Each structure stands twice: as C-alpha cells, then as structure tokens.
Amino acid sequence: MSDTSAIRTENLNLFYGRDKTNQALKQVSVRFPANQLTTIIGPSGCGKSSLLKSLNRLHDLKLHARVEGEVYVGQDPIYRSREPVPDLRRRIGYVSQKPTALPMSIYRNVAYGPKIHGRPSRQELDELVERSLRKVNLWDEVKDRLNAPAADLSVGQIQRLSLARSLAVEPEVVLCDEVTSALDPISSERVEETLLALKQDYTIIMVTHLMPQVQRLADHVVFMYLGDALEQGPASEVLDAPSSERARDFIHGHGGGAKSPSGSVRLASSG
Amino acid sequence: MNRRYVEQYLIETLIRLSAVLVVGVLVLIIGMTLYKGGQVLINQPSVAFTAPGPLYLLGGSGGFLHAILGSFAIVLPATVIATVLAIASGLYLQSDYCSERFARAVNVLLYVLWGTPAIVYGVFVLTLLIMLESRSSLIAATFAVSLLQFPIIARFVDEALKSVSADLKETVYALGTTRFETLRLLLRAALPGVVAGVIMGFARGLGDGAAVLFTAGGGIEMPSGLNDPATTLPILIFQQASSAYPSVREDAYAAAFVLMMLVLVLVAFSKFIARRFSRFAQEDH
Ligand SMILES: Nc1ncnc2c1ncn2[C@@H]1O[C@H](COP(=O)(O)OP(=O)(O)OP(=O)(O)O)[C@@H](O)[C@H]1O
Ligand SMILES: [Mg+2]
Numbered sequence: 001m002s003d004t005s006a007i008r009t010e011n012l013n014l015f016y017g018r019d020k021t022n023q024a025l026k027q028v029s030v031r032f033p034a035n036q037l038t039t040i041i042g043p044s045g046c047g048k049s050s051l052l053k054s055l056n057r058l059h060d061l062k063l064h065a066r067v068e069g070e071v072y073v074g075q076d077p078i079y080r081s082r083e084p085v086p087d088l089r090r091r092i093g094y095v096s097q098k099p100t101a102l103p104m105s106i107y108r109n110v111a112y113g114p115k116i117h118g119r120p121s122r123q124e125l126d127e128l129v130e131r132s133l134r135k136v137n138l139w140d141e142v143k144d145r146l147n148a149p150a151a152d153l154s155v156g157q158i159q160r161l162s163l164a165r166s167l168a169v170e171p172e173v174v175l176c177d178e179v180t181s182a183l184d185p186i187s188s189e190r191v192e193e194t195l196l197a198l199k200q201d202y203t204i205i206m207v208t209h210l211m212p213q214v215q216r217l218a219d220h221v222v223f224m225y226l227g228d229a230l231e232q233g234p235a236s237e238v239l240d241a242p243s244s245e246r247a248r249d250f251i252h253g254h255g256g257g258a259k260s261p262s263g264s265v266r267l268a269s270s271g
Numbered sequence: 001m002n003r004r005y006v007e008q009y010l011i012e013t014l015i016r017l018s019a020v021l022v023v024g025v026l027v028l029i030i031g032m033t034l035y036k037g038g039q040v041l042i043n044q045p046s047v048a049f050t051a052p053g054p055l056y057l058l059g060g061s062g063g064f065l066h067a068i069l070g071s072f073a074i075v076l077p078a079t080v081i082a083t084v085l086a087i088a089s090g091l092y093l094q095s096d097y098c099s100e101r102f103a104r105a106v107n108v109l110l111y112v113l114w115g116t117p118a119i120v121y122g123v124f125v126l127t128l129l130i131m132l133e134s135r136s137s138l139i140a141a142t143f144a145v146s147l148l149q150f151p152i153i154a155r156f157v158d159e160a161l162k163s164v165s166a167d168l169k170e171t172v173y174a175l176g177t178t179r180f181e182t183l184r185l186l187l188r189a190a191l192p193g194v195v196a197g198v199i200m201g202f203a204r205g206l207g208d209g210a211a212v213l214f215t216a217g218g219g220i221e222m223p224s225g226l227n228d229p230a231t232t233l234p235i236l237i238f239q240q241a242s243s244a245y246p247s248v249r250e251d252a253y254a255a256a257f258v259l260m261m262l263v264l265v266l267v268a269f270s271k272f273i274a275r276r277f278s279r280f281a282q283e284d285h
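From first to last, the protein sequence lines stand for chains A and B.
Residues in the first sequence are numbered from 1 upward in steps of one, following the UniProt record's numbering.
Residues in the second sequence are numbered from 1 upward in steps of one, following the UniProt record's numbering.
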C-alpha cells in the first residue's frame, strides 16, 4: 500500500506563455516518498508553486501553460492515465498559496467537496465539517456562525478554511502551498500538528518559506532554484550537508536573514 | 499664487459647474414628469387602470392600461430570452471550451451591437416579417427587444465572469469538480454582476421605443395574443405627445410617470438583489 501514493516526476518541463518562452520548470526529476512530509524550498519565483500544481494537473486549466515529461502517482502516469482528471484531483488535494473562500457560507465551503463526490447524509456532513474545521484549529472560532459568508473571515481564517475544505474530500496526497503564511504561531502550530498527524495515512508535500518549519516538519526536502530541482533527499542530508553552494547559502542564509521573510517584512514596516 | 493651485481651482470649478448642469437637467426632467404626471394621476387615477376607448387618442374616453400591459407582455419575455442566451454565451466565452482570441472578437462585436441604434433592430425584424409575409405582433416585438437587450446583458455576464478570480477557479477545480460544476460555481460568484446586467437590459427594453415601433403594431387595443398587435409605453407616450388634443397630451405625462416609476422600482429591486448575493463574494484582501 505504501507505494501507491509515492509521487515522482521525470524530466518535467513547464512552459508559460503563448510562445513557451518562459520556462518555469527545467527537467525536474524528483521523488516524493509515500507517507512522508516533503517540503519544497527555494527563493521566490523559483517554481515551487508551479511544481506543486503540475502534480494534480492544475496547469491543464491554463491556456498558455504546457507540461512536458511525466508525473507518476504510484505506478500511474497521471498525464497519460485514463482516470478522469476530476477524480485524480480529488485524490490529490491542493491548497493554493492564496487563501480563497468559495462564494457561500463557512459550512458549505467545507461541505462543497464531499457533496460533489458523494451523497453524505446531513449528519455525516455535519460531523465531517466539524472534524475538518477542528483539524485546522478553526472550529471554535466559527462554530457559532457556520452559516455566515466565508468571505467575511479574516485572511488567516480563510487560509485555515481552505485547508479544511481540501481535507474534507479525504485526499490521499495533500499538496499545500505556504498554508501557514498568514497564521499566528499558535494556529500555525496547530496546522503543523494536523499535517504531522495526516502523515500516517497521507503523502504530504508542502511549500514553505520558513526554515524553522522545514526543520520541524520535513522528512524529505526538495530545493528548487530557477526552475531546477538542485537538491533533494532526506531532510537531514539536505539541511545539514547541502551539496551545492546555492542551497547552502539559502539554507543557512547570509547571517540568518534569508531564513524568515516575515522577519524582513517586520523590519521594513517598523523602519 | 502658485500656478498649481490656480490650476486645481479652475478644474474644480469646472467640475462643479458641469455637475450642477447635469444634475439640474435631470432634476428638471424628472421633476416635471413627476409633477405633471402626478397631477393627472391624482385627478384621474383611472387612466392607468382602464382600457382605452376606440377614440382614446382623439380625446375619447378610457386610459392607457393597454400600453402598460403591452410593455410587460413584450419586455418580460424578451428579457428572459435575452438573459438565457446571454448567460449561455457568456459562460461559453469565459469557459475553457473557447479560445481567448475568439472571445475577444465576439466581445468587440457585442460592443458594436450594443452601440447599434434600436431602430436598426426594429427595421431588421420588420424586414424578416415582410420576408415571412407576416405582420407586426407582440411576438415580433418581443424578438426585436430581446435582440436589443442581448448584447447588453451578454457584456455584463462576460465582465462579471471575467472578474471572478483565477484563484477561485483553481481552488474549485482542485477539489475535483468537473467543468460543469466549476462553471456553476463561477456563475454563482458572478451573480451580482449578472443581476446588474439583467436589470440594465430590462430597463433598456422597457424604455425603448424604436425597436418596437415597426414591430409591435402599435394600435390602441388591449394585447390579446402573441400574433396580435400590441403597444408599449414609450410608443404610447410618442402617440400621446403628438396628439392634437391637450387632454391626451397631458396623459403623456401620466404615462411617463408610470414608466419612470417602473424603472425606479426595478433599479431599487436590483440593488437589493445584488446586495443579497454579493454578501458571499470575497473582497480582495
Ligand atoms: N500563470 C503564469 N503565467 C506566466 N508565468 C508564470 C505564471 N505563473 C508563474 N509564472 C512564472 O513562473 C515562475 C515560477 O513561478 P512560481 O509561482 O512557481 O514561483 P514560486 O516558487 O511559487 O514563488 P513564490 O515563493 O513567490 O510563491 C516565475 O518566474 C513566474 O513569473
Ligand atoms: Mg508560490
């Protein structure tokens, strides 16, 4: 069972733009082990989100994006598979970098996916919604206003709601793109706990800018640079002894400055 | 004084003046209609509720209920038809079924259609009627009015769908939805804009005379069937205003009053609906 949800890419290329001039992924061949938490790190604009989206065929939606190469989920080459793409996307959950509320109530945001994929009873749905919201530490804040528009929530709340919504369809793989970027340390910790707990049954791939988070969570690390996957391997190896100079600079930072982008934001706003 | 402040002062004065001018004219038109029309309606409210006698336009007895009913009988179905077509085409243009280039070309055409004088639609439908050896009727006018409304509503639907963020689309697809399920959700997110478009189209159809002029028949009978002639309020107002009888000319204000109120109620209603639906729309953080 363990290998059915391992993901690997083979010579993955991704081009944006009408005349495919803008290459965002260059011959990326990486492996994401099953039931482990892999973090993708790298400087802004290096292709982390692009890589994540190619793993559940979200680029198919864009007119001007082209994917070449292979992505295997287990033994299944998803770009050539006969499985309908919606089924694939249900199996491979994705939480986007930008917190997004569906134009409906908080409750229905979480219930939307399960309702599309099955006919859960009202009671099952209620339980599922509560369980999903608890997993992301949002239940207590919203339990009294489940029917309020989700758009009224704060950015950090919508971020947690987005994660809960993806978890509610019970995917096998969870792709998360900077899901704690707008969260306070406590909510962040709660989401991290959830991800760690999910690891038992799921394969988790997360993009993050926070090196301490990588240190806490990652079993496996992929380091991207300008569309190349420069390094990959078990977290201990990549973090402690990166083989390339780029990765070394990024991971250890120049005087720790690159470690936390939020730190530099704070500096800028107070200065 | 500093040149920049003089500049600012001049521009501000100009802006104020033009605002006064525009609002002044509006107040004059609306105020006059409401005042004169209100007077007629207060003295004789029955004009709005009784059918016209055979000699109504020649100063005879009766009211103009036929035109009020005709307006609704023509414009309501026309709006429904135009809305259904506009939503279908809007969804198609914004969906993943259609190339961006094609969508852009169609949108240019829609703008051209929007700017086309209503009389052209009227003449177009009239030409069709002559070809088909048919005659002016309620249904022909409905067709002409929906032609007039379609580009307006379609542009609104398209813009509303376009303004739905790409992130929302991605988020929905990522949950494993089909294209159809995604479209339904996007339409829901775009609903405030769609409603605004429908109301715009409805108001335009209600207020327009030219598209109906040659196509509806324009008698003074009550509308009696799809293939029988009918009249709308703008046509009636034109007939009343050009009448030789002062009492009939006075009635034109009453008809205008009714038309204005209808549009006003519509706009208020649309604001209400739009507010209800936009409750769920995410603002940009
Ligand atoms: N829709 C798009 N159209 C064209 N170019 C794009 C598009 N999305 C991303 N790119 C380009 O692809 C490259 C990689 O973008 P990507 O979003 O994957 O970066 P990222 O590593 O996630 O950055 P960040 O950490 O800032 O989120 C960038 O150069 C970006 O400009
Ligand atoms: Mg990104």
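Because the hints were derived from the structure by calculation, they are not lab data.
Where hints are given, some of them may not hold.
Stated by the list, open to error - List time: in silico DSS-like cross-link candidates among lysine-lysine, alpha-carbon distance up to 30 Å:
1. A:62 - A:26
2. B:162 - A:62
3. B:271 - B:162
4. A:26 - A:199
5. A:62 - A:143
6. B:162 - A:115
7. A:115 - A:143
8. A:62 - A:20
9. A:20 - B:271
From a predicted model like this one, the values you see are computed outputs, not experimental measurements.
In rising order, the numbers of the hints this structure does not comply with: 5 and 9
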